[in-house]
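A.B. asks: Sequence:
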Amino acid sequence: MLKNSANQLPSNTEKVVKELIDIYWSDIYNSQVIEKTIEAAANLPIPQTIQKFINSMDCIVKSEIKVSPMYVIEPYGEALEKLNPGYYSEKRRVFYQEDMDFII
Numbered sequence: 001m002l003k004n005s006a007n008q009l010p011s012n013t014e015k016v017v018k019e020l021i022d023i024y025w026s027d028i029y030n031s032q033v034i035e036k037t038i039e040a041a042a043n044l045p046i047p048q049t050i051q052k053f054i055n056s057m058d059c060i061v062k063s064e065i066k067v068s069p070m071y072v073i074e075p076y077g078e079a080l081e082k083l084n085p086g087y088y089s090e091k092r093r094v095f096y097q098e099d100m101d102f103i104i
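Residues 1 to 104, numbered by the working numbering, are exactly what the sequence shown covers, in order.
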C-alpha cells in the first residue's frame, strides 16, 4: 500500500479504514462484525494489509465447521489499529465508555 509523503494513508484508503474500524467497534456480535465487514469489502477498495483477514472471515462464514470468530477478529483488529491508531483508539474508547454507561 502506498503512503503519502506525510507518512499517512492516502485519503481514499483512510476513509475505507475508518469505515472498517466503525464496523469493528460497532455494538454488534463478532459474527455480525464479520458479516458486515465482508459486505463492505465487496464494495470498497480494501488495503492489502488487511485483505487476508477478510479472506479468512469469508472462509469462516462458508465453512461447515464452526470456528470461533475470535480467531480472525482479534488479529484483524490489531491490523486495523496499525493502519489508523488514533481513530481506532477513539472508537475503542467510545465503545468501552458506552459499555460502562450501560453497567452503571
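Hints listed in this document are in silico derivations from the structure and should not be mistaken for laboratory results.
Take the hints with a grain of salt, since some may be wrong.
PhoX-like, lysine-lysine: derived pairs with alpha carbons at most 20 Å apart [what the hints assert, rightly or not]:
| no. | residue 1 | residue 2 |
| --- | --- | --- |
| 1 | K66 | K18 |
| 2 | K52 | K62 |
| 3 | K62 | K82 |
| 4 | K36 | K66 |
| 5 | K91 | K36 |
| 6 | K82 | K18 |
| 7 | K15 | K82 |
| 8 | K15 | K91 |
| 9 | K52 | K36 |
| 10 | K52 | K18 |
| 11 | K82 | K52 |
| 12 | K66 | K91 |
| 13 | K82 | K66 |
Derived DEER-like restraints, expressed as beta-carbon distance ranges [stated by the list, open to error]:
| no. | residue 1 | residue 2 | range |
| --- | --- | --- | --- |
| 14 | K15 | K66 | 26 to 36 Å |
| 15 | N12 | V67 | 31 to 41 Å |
| 16 | R92 | E35 | 14 to 24 Å |
| 17 | E74 | V94 | 33 to 43 Å |
| 18 | K52 | R92 | 34 to 44 Å |
| 19 | A40 | P85 | 14 to 24 Å |
| 20 | S11 | E64 | 20 to 30 Å |
Ideal Cβ positions, reconstructed from N, Cα and C, are used throughout, including at glycine.
A.B. asks: Evaluate each hint against the coordinates.
C.D. replies: The hints, checked one at a time:
| no. | hint | result |
| --- | --- | --- |
| 1 | K66 - K18 | violated, 29 Å |
| 2 | K52 - K62 | holds, 15 Å |
| 3 | K62 - K82 | violated, 28 Å |
| 4 | K36 - K66 | holds, 18 Å |
| 5 | K91 - K36 | holds, 17 Å |
| 6 | K82 - K18 | holds, 12 Å |
| 7 | K15 - K82 | holds, 15 Å |
| 8 | K15 - K91 | holds, 14 Å |
| 9 | K52 - K36 | holds, 16 Å |
| 10 | K52 - K18 | holds, 18 Å |
| 11 | K82 - K52 | holds, 15 Å |
| 12 | K66 - K91 | violated, 29 Å |
| 13 | K82 - K66 | violated, 28 Å |
| 14 | K15 - K66: 26 to 36 Å | holds, 34 Å |
| 15 | N12 - V67: 31 to 41 Å | holds, 32 Å |
| 16 | R92 - E35: 14 to 24 Å | holds, 21 Å |
| 17 | E74 - V94: 33 to 43 Å | violated, 19 Å |
| 18 | K52 - R92: 34 to 44 Å | violated, 22 Å |
| 19 | A40 - P85: 14 to 24 Å | holds, 21 Å |
| 20 | S11 - E64: 20 to 30 Å | violated, 41 Å |
Comparing the model with each earlier hint shows violations of hints 1, 3, 12, 13, 17, 18 and 20; every other hint is respected.
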